[in-house]
Amino acid sequence: MSVEIPSDLPQGRARSAPRRAALVWPHFNARSLTVWRRNALAWRRHAASSILANLMDPVLSLLALGLGLGLFVSRIGEYSFLEFIGPGLLAGSAMTWITYDLTYGCYDRLHWSRAYHAMIASPLSVGEIVAGEFAWQATRTTLFGLGFLALMAPFGIVHSPWAVPGTVVITLLTALIFTGPALAVGAAARAEEQLSYYFNLVITPMFFFSGVFFPLESLGPALRQVAQFLPLYHLVELARAFILGSPLPNLTTHLLWLGLFILISFLLPGRLLRDALERIA
Amino acid sequence: MREERQTVARARGLVKRYGPVEAVAGIDFTIRPRECYGFLGPNGAGKTTTIRMVTCRIPRTAGELEVLGRDVDEAPAAIKAQMGVVSQENNLDESLTVLENLYVYGRYHGLSHQEALRRSHELLELMQLEGKARVRPMHLSGGMKRRLAIARALVNRPRLVVLDEPTTGLDPQARLLVWQRLAALKEAGVTLILTTHYMEEAARLCDRVAIVDQGRVVAEDAPDRLVARHSGQVVVELDRWEGALPPGTANGAGPIRRADPIGESLYLYGDDGDQILGWLRARGVRPLSFRVRAATLEDVFLVLTGKELREA
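Residue numbers (the working numbering), protein chains in the order written: chain A, 1 to 281; chain B, 1001 to 1312.
If you are wondering where the hints come from, they were derived from the structure by calculation, not from laboratory data.
Incorrect hints may appear among the rest.
One-sided excerpt, in silico: chain B residues whose CB lies under 10 angstroms from chain A [to be verified]:
hint, residue
1, 1076
2, 1081
3, 1088
All C-beta atoms in this analysis are idealised placements derived from N, C-alpha and C, irrespective of residue type, glycine included.
All chains, full assembly: derive it from the sequences and hints.
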């Protein structure tokens, strides 16, 4: 008597694939920097137009709102409206620079240019690709941030000697916090249109309710509590302190929140990118 | 000699399931050094899925799979370091020039700046793309793009190159050029694994071919031996005739090994065309319009699966 074995089972040799990691962390090493190098080479070709396009937006906001609207706004605390929004625009713009570049960038590298497919056929791992994107966004954002700081200086906004290292800290933190979600959104999107949900439902509201344009005190205590959950709020507070030299009583609280957001940003994209690379042939 | 020196890739009971769909339904193969091994089958047969498991792109559902002596799940980076992959879809980097595509890929593989540059120029020359170093891939012809994709896969001097449909969509001249390059690679000692649905490609390049249908290998051997074993050397394509064929001809009778109706015609498989025609005439069948031609892998596929490869 023989036991019948369904023919679709590999008989006697059946062995499941090893269980796969539930989390894929960014893996920073020398190889991950080759992804940074690829992005830098690709960016170099249109660096001028990229800088112009990305700095135009915050500079226009600064002029139109700070100088234009600012005529009708008396001082906010001890600062002019222009001074008040300058540092906030730096942090908010850093967020949008990263988000626009990488949500579309990630979607493009998965669906159109398929650069990620080429990368994953080399010894690069998903974690190393993610780490390379983090490193590149940190670089690019810092470059733009310092550019914006230079453009703010003639308006008399930059008060503190800490402004330059402060700007670097702000752009680096912003990159660490927003690179992960942008990659995750780009990897999870099934159609390009879906990317705009993230802008419209997350990024744009965050830009307006993180204290860039008005102090959150004016929203009332309840909404102020909600703002704690917005990473941009903490970055704006930090930026204002660095650039205007204003006091920052809750530094530790801000840093703890930012640490949490960085952790989330590290955790989010790896697995989604791995799944996307397997799903998209 | 250790076994890993004698096999470049080895699968046992390899399965890939997507939900209820079994894309690869238990495949075995052993690919030896310096051979060119082809997976031949129609679209959807499971060729590409198999290749994607071999190149560490997707995890298997079950079975064993070793490439270059290592389990694909355990050592993907080590395997990929010695492998070159040319995928079916072009994934050349359009943000970079032709030269930069090669250079950047060399860096992914851990080459230094100098090494990556030197190797890139070497490969441009090898693939006859020197004049195109500074243009972007979008400005290349289909054949040049494919040659660039192959060049990129060679940047790390791989022991194994895996190509998914290397000449699909190329015109005959471009295809010939790619075939010549692949033949030269093989000559240089590189093991090749490729998928194709072109008979001619499989027959011309491959030392051994696995015929894949519905996620399974239905036959595996050298192309000429597959032909000899499954279809016979010769096909008589009978378009018009008078008289009735003897009953049982379909499953082989006399010199006819098998007969299949294809459209309006009847394909008679065997090893000698004159013998087949003589045998028919002796039984009162008068062939009015016919062709005698050499059998190909296409016929083997038809015999084994009952389907025409191009339409399957």
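Right, here's what the structure says about each hint:
1. 1076: Because about 7 angstroms separates residue 1076 of chain B from the closest Cβ in chain A, which is inside the 10 angstroms limit, the hint holds.
2. 1081: OK, holds: residue 1081 of chain B within 10 angstroms of chain A, min 5 angstroms.
3. 1088: holds, 8 angstroms
Checked against the numbered hints above, the structure violates none of them.
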